[in-house]
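Peer 1: Quick note, the sequences are listed as chains A and B, same order. The first sequence: position 936 = 936 (the numbering used here), numbered continuously. The second sequence: position 179 = 10179 (the numbering used here), numbered continuously.
Please note: incorrect hints may appear among the correct ones.
To be verified - Under the rule of at most 30 Å between Cα atoms (straight-line distance), these lysine-lysine pairs were calculated in the DSBU-like manner:
#1 A:K187 with A:K521
#2 A:K969 with B:K10203
#3 A:K74 with B:K10145
#4 A:K934 with A:K977
Because the hints were derived from the structure by calculation, they are not lab data.
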Amino acid sequence: MNEQPDDWRSLEELSDTPEYRDFVEGEFPPTAALLPDEGVDRRRFLQIMGASMALAGLTGCRRPVMEILPYSRKPEEIVPGLPTFYATAIPRPGGCFPILVESHEGRPTKIEGNPEHPHSKGKTDTFAQSAILDLYDPDRSQKVLKDGNPSTLADFESAAGNLFNNLAKVRFLIENVSSPALRMLAKELPEASWYVYEPLANEGLDEGTKLAFGKAMTPSYHLGTADVIVSLDADLLGLDDNAVSHIRGFASHRLREVKRVIEDKETKKDKFETIFTMSRLYVAENQLTTTGSMADHRLPVKGSDVAGIALALASAILDKKAGGFDGLAKEIASAKSVPEAQDWIKAAAEDLLAADRSLVVAGPRQPAIVHAIAAVLNDALGNTGNTVVWRERQGWKDAKGLKELASELTKDDTLVILGGNPAYNAPGDIDFQALLKKAKASVHLSLYADETSVHSTWHLPMSHFLEAWGDAEAHDGTYSVIQPLLTPLYGETRSALEFLARRTTKYKSATSYAIVLDSFKLVSKADENAFRKVLHGGFLPDSDSNTATVKFNAKSLEEKAKSESAKKRGGDYELSFHGDYRVYDGRFTNNGWLQETPDPVSKLVWDNAALVAPITAKEMGVQTGDIIRIEAEKRSIEIPVFVQPGQAKDSISVHFGYGRTETGRVSKGSGFDVYPLRMLAQPWFIPSVKVTATGKKYTLASTQNHGNMTENSKFPSVAKRVEELARTWTLAQYATHHEDGGVHSLPLITHPSFDGQYQWAMTIDLNTCVGCNACQLACQAENNVPIVGKGEILRGREMFWIRIDRYYTGSEDNPEVKHQPVACVHCEAAPCETVCPVNAAVHSPEGLNVQVYNRCIGTRYCANNCPYKVRRFNWFDYHQRPLDELRLGPLAPKGKAETLKMQMNPDVTVRMRGVMERCNYCLQRIERAKIDAKVQDPTAALHPLADGAVVPACAQACPAGAITFGDKKNKTHRVNKLKEDRRNYVLLESVGTKPRTSYLLRLKNRNPKLVPPKNDEE
Amino acid sequence: MALFFTRRADVAFRAVILSAIAGLVITTWAVYYYFTPKYTRVGYGPEQPVPFSHAQHVGQIGIDCRYCHQAVMESPHSTIPTAETCMACHSLIKPASPLLAPVRQSYETGVPVPWKRIHKVPDYAYFNHSVHVNRGVSCVSCHGKINEMKVVYQHEPQSMSWCLDCHRNPTDRLRPDLAAVLDLNWGDDLTPEKRAAQEQTAKERNIKPPQNCQSCHR
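In isolation and in its complexed conformation, chain A is listed as follows:
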C-alpha cells in the first residue's frame, strides 16, 4: 500500500486539504473550544451550572408513587409485555408497500416488511422504516383551518353542503395511489372531474408504452435471472418504486456457483465442473446513483444524451438481431450518437447479444422514445416474458393531469385536493396559488398544514395510514388491506376515504371498515371471512394482475424514432431534476430520521445541493458550498454547489423536496426549493441553463469524511500497516485465488474466555450492499437512536450505530464506488474495554462487546481507542430537549412530545446525556430469543437456537440480504459457511482486534474489452 490511498472518500481527502487534515486529526477537539458557540459565554455557563447545582438537591431520596394501570377488559390478542404484529401496507405512488407493524400494547413502534408478500419478502427500505416517525410527528396538522384560522370539522361539514351541491362543479386532485376503495367511491361521484398529480410520476413509461403497444403498460423486472443488465438512467436499485424487489433479485445473481457437466479429457467420462457466474451491470446516467455505484461499467453522460445512447444501442443490436424490427432498425441507423459513449455502447451491445437472458431498462426521467426502445430491445433479445413481464397499468386510468386542471378550472368550481402539496411541488410554470384563489372554494386534506393548506379555503387534517382503514394495490396489482393500528392520535383527522364517503349518497354514513369491506368484495368476490384472512396475512394471495402479451405498434414507433434521431444534442450546462433519496418529493421533509440519513452517495444531510462534476466546477470557478444562481426561462433559483465525483460533465443535478416554507419544526430552513425551475413540458431536464456564481457561501453538512479509519496516514509506517478497508476482486480473481489476502497479526490484548452457549458473529457482504441506508434506519427505529441536527453533524457527532462508508476508487470523473456498512464489529480483543476506568465497556461470555450505560461516566477514552470509530457519545440530552436549544442545558425546556415517546422501543434503554453507546448486535432480540426458547421448553438442559432465531434489525431490513447473523459455535448457522468463503476478511486485521463481524469482499464483473485485466488478475 503506497501513501497515496487507492480508495478515497472525498475530494478533500484526495487533495489532502488543510480543512480535511483539521477535521480528521481533531475528531475529539478540546471541549473548551466548543463552548463559546451559539451565545453561551462563561458567565452564562456558570449561571446555568449554578442553577442545575441548586436544583440537584436531595429530591432523589423520596420514592415517587407510581401506578400500574391494567386494562379494564383485556383485548383478546394483547399480552402486556409482548409485542403483537399486524399486517398492513403503506400506500405509495407506484404501488403499496406491504409491511408488518410491531405494536406494544396498542402503540406501534417499528415497521418490518411482510415476509409472505411477493414484493417485499420481509424486507424494507428507508421510507418504510421511517414511516413510523411520521405517525408520531407532533408537527402534524391537528386542527381544521378556514382561511388559515382555526375552525372545526362541524363548521366544515355545515359549509360542505354548499360546496358540494353541484358535483359537476367539483374537481378532485389526488395523488397517484392505487386504491380500489377510492376508485369505488369515485364511481359514486360520476359527475365530478378527477385529476392526478404526482411530482415523481413515471410519465415517460406511460407514453413510451402507448407509443410501443398502443396502451399504457407496467413492467416488472426480474433482475435475478438476467446475465446482462443495461440501465438507461434507471435507478433500479435506488429510488425506483420497486427497488426492494430489484435489489433482492440483483443480489441473488452477483455471485452464483454453477455446477456443469463436462467431459474429462483423460478418462473420457463426464464430470462436474464448478464455475462462478454473476450478472454484469451497465449504467448510463448523469448523477451517480446507488445503481450507478453498483455498476460494473458506468457511463456518466448528460441526462438528455441518454436518448441518443438508447438509439445507438438499439441500432447496434437490431443490426445483428432485428427480431421483426427491421423497419425501426433502418430508421435509427443514422441516429446521431454520443461520441464519448462509443466503446460503452459497443461493449454493452455485444454483451446483450451474447447473453442468454438480459434486460434493458429505461429510467422514469427519460422521454417516451427511450422507454419504447427499451421495450423493443427486450423483445428483440427474447426477454419479454422472462426478465421483463408486462402488466396492464394499475390505478387511475382515465384521470387527467395538472395541465388539464389548470385550463379547465373555472371560478364557480370547488377544488378538492386529497393529499399532496401542489402549491409547493407543482412545476414552476403552473401558478397553483393562483388556481387556489381562482376556485370558488378549495379544500385541502393533508398530513401537514403545508404550502397548499395555507392558500386553501379549508384545510382538513388527514389521518396517517396507520390510523385509518384503506386498501391498495402493489406494483404488480396484488391487493392489500390497510388496517389501522390505533385510533387517530389527533381527534379531528380523517382519511381521504372517509372524506369522500361523506360526499356520496350510498356511503354517507358508512364506517370506513364497511367501505373497505365492500371494496374487497368487489375485488375478490369473496365474503367477510376471506376478508379476515386477508387482514391476517396482509394481502390477497394470487391477486396480481394478469401478465399481458404485448404487440408492437411498429408504425408510430418508427416515426417517433426518426424524429428523435434527427434531434441535436443540447447546449452548455444541463439542469437535471431528481427525486431525493431522503425526502422523496418533499413529503418526508419533516421526518428527522430521513433528514439525518446521509444521501447514499454524496453523504449530504439536512440539505440538498446542486451536484456538479469536479471538472465542471473548475470551469465555473466554484467549490463546494458556493452558492450559484441557475436561470432558465426567466426564473431562477439560488443553491449551493456540492462537487460530486462521478457526476456527468456539464450536467447539474438538483434534488426536489427541500426549501419548504410552510413546514414543521424539524425541517425549518433545510435546503433549497428547485421546483420553480421545473417546467410541465420539460419535467426532468432543462437542456441549457445559465449559471452564475453569487459569491455567497453556505455550509453543507456531509458525513463523507466522518469515522475515518485511516487517520494515521500522516505517519508512513502506520499507513503501510493499514490494509485496504473495502476490498474488491474481479470475478476472475475470485475463481482462481484460494488464500485470503489478510494481514495476520497477534491479538493486541488477551481476550476473555468465551464460555457462553452461543457465540454471536456477523458477516456483511459488500458484493450485494447497494448502500441504500435501510439498515441504518431500521437500527435507529429499533434502538431508540436519536437525531442530533445539522450543527452537531458538522462536529462529527452523528449517533447512528451503523454507518455506511462510501469509498471511491480511481479517477474523480468516473470513480468506482464501494459501500461498506460499519457498526461495532465486536472485537474479541477489544481496545475499548481496556481503557475504560469504570468497566462500562465489558465483554459478555457470548462474545458481545457490551456497554453498561449505568456505569458509564463519559470519559470517551473508549471512543478514542476504537480503531473503527463506531462508538457514539451522547453529548447532549438528545431525547429530552429540542435540537436547537441543546446548548442551553438545563435552562432549555425539558421533555419531549408525548407522541414521540410512544415510538420508543420499550425493550431498549433510552440513553441520557453523558453516556457512550454503540451497536450491541440487537442484544434485546438475542435475549428475547434465548428466553423464548427457555419458556418453550423449560425442563430442557440446552436450548439451541435455530439459524434465523435471532435477526438484528439491520439484517432484517436489508433488501439485499447482505447482513448475516448467527451463532459461530453452531455449524448449521449460515454465518459459518460465509466465514469460510475466501472472500471473507476482517476490517483492520493488522490491528489484531479479532472482530466478530467480518466482511465479504466486493466482486466486479468487468468486461475485459473495456478494462483489460491487470497482471495480478487471472
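Since the structure of chain A is already known, use the hints to place chain B on it.
Peer 2: Relative to the frame of chain A, chain B by itself:
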C-alpha cells in the same frame, strides 16, 4: 521564635481534623449502608384503592397465582388483573360491597383501577417473569410470603447485589415442578428429599443463571 499557637491549640486542631475525618467516614458508611434498597425499599406497602387481601384470596381460598396474574408464564410482566377478572367472581360474591366500588366502576367505564406500584426495578434493568417461573424459581423468592400478607409490601430489597446472590447460587430457590413453584409454603420445611429434588432440578435443567451485564441491561 515565638509560638504562634499554644500547645493546646495544636491538640485542639488535631482533634478537629481527626473528628472531621471520623465524622466523614461514619457518614459515608451510614449512607452507603442505610441508603440501599435493603433499608429504603423493604417494607414499602402503600394503601391500595381496593383493600385486596392476598392472605384471604391465596392463603385461605387458595386461588392460583395465575388466575389473576395471567401473563406471568409467557410475558416479561406478571400482569395486574383487569377489572373483568375481579368481576368474574365478584359479580356473584359480594356484588354490592362498597370496598369493591372502584372495581365495578372500572368495569363499567373502562377506566383502569389505579393500583399503586410496589416492586420496581430501574428502567435499565430488564427483569423477565416468564423465564424465572418456567425454569423453577418460586414467586416467594422475590415477593416473600404473599399468601400471608393482608397488605402487600416489598419483602426483598430487589437490588442488583440481591439478584446476583441468587444468580450465583440458584439451587436453594429452585422448585422441581410448577405446583411447587406456585406453592409459597413449599420451602418452609426443606426436607432432605426436597433438597435432593432441588439439586436434581438444577442438574437436569442445567440451571446456570447468567451473571454478565448483557442479560439484564440492554
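Peer 1: Each of the hints needs a verdict: does it hold here or not?
Peer 2: Here is how each hint holds up against the structure:
1. A:K187 with A:K521: Given that 30 Å is the threshold and the Cα spacing comes to 16 Å, the pair holds.
2. A:K969 with B:K10203: 23 Å, holds
3. A:K74 with B:K10145: Within the cut-off at roughly 28 Å; holds.
4. A:K934 with A:K977: It holds: about 27 Å lies between the C-alpha atoms, which stays within 30 Å.
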